[in-house]
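Asker: Sequence:
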Amino acid sequence: MNEPFRDPGLPLAARVADLRDRLTPEEKVGLPHQYQAPVPRLGVEGFRTGTEALHGLA
Numbered sequence: 001m002n003e004p005f006r007d008p009g010l011p012l013a014a015r016v017a018d019l020r021d022r023l024t025p026e027e028k029v030g031l032p033h034q035y036q037a038p039v040p041r042l043g044v045e046g047f048r049t050g051t052e053a054l055h056g057l058a
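full-length UniProt numbering numbers the first residue of the sequence shown as 1 and each following residue consecutively.
Since the hints were made in silico from the structure, they are not lab data.
Please note: incorrect hints may appear among the correct ones.
What the hints assert, rightly or not - What follows is a set of in silico ranges between Cβ atoms, one per label pair, in the way DEER data are often shown:
#, residue 1, residue 2, range
1, V29, G9, 17 to 23 Å
2, R20, R48, 16 to 22 Å
3, P4, P25, 19 to 25 Å
4, G46, V16, 15 to 21 Å
5, P40, P4, 27 to 33 Å
Beta carbons: idealized from backbone N, C-alpha and C, even for Gly.
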């Protein structure tokens with residue numbers, strides 16, 4: 001795969017921006033939670049951040 005967000009040689013800000021721009025609005029809405037849903041179309045597995053941004057709690 002040659003998506004920029006997967007290239008560890010790029011600056012982190014560029015990788016994050018590329019991934020952000022590929023996410024749909026619905027996928028972005030779920031990001032402030034502790035448990036992230038997978039995004040199969042991008043090959044991104046589900047993950048846990050350990051924080052919950054909506055309330056500032058873990």
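Asker: Now look at each hint and say whether the structure bears it out.
Answerer: Checked hints:
no.: 1; hint: V29 x G9: 17 to 23 Å; verdict: 31 Å, violated
no.: 2; hint: R20 x R48: 16 to 22 Å; verdict: 20 Å, holds
no.: 3; hint: P4 x P25: 19 to 25 Å; verdict: 21 Å, holds
no.: 4; hint: G46 x V16: 15 to 21 Å; verdict: 18 Å, holds
no.: 5; hint: P40 x P4: 27 to 33 Å; verdict: 19 Å, violated
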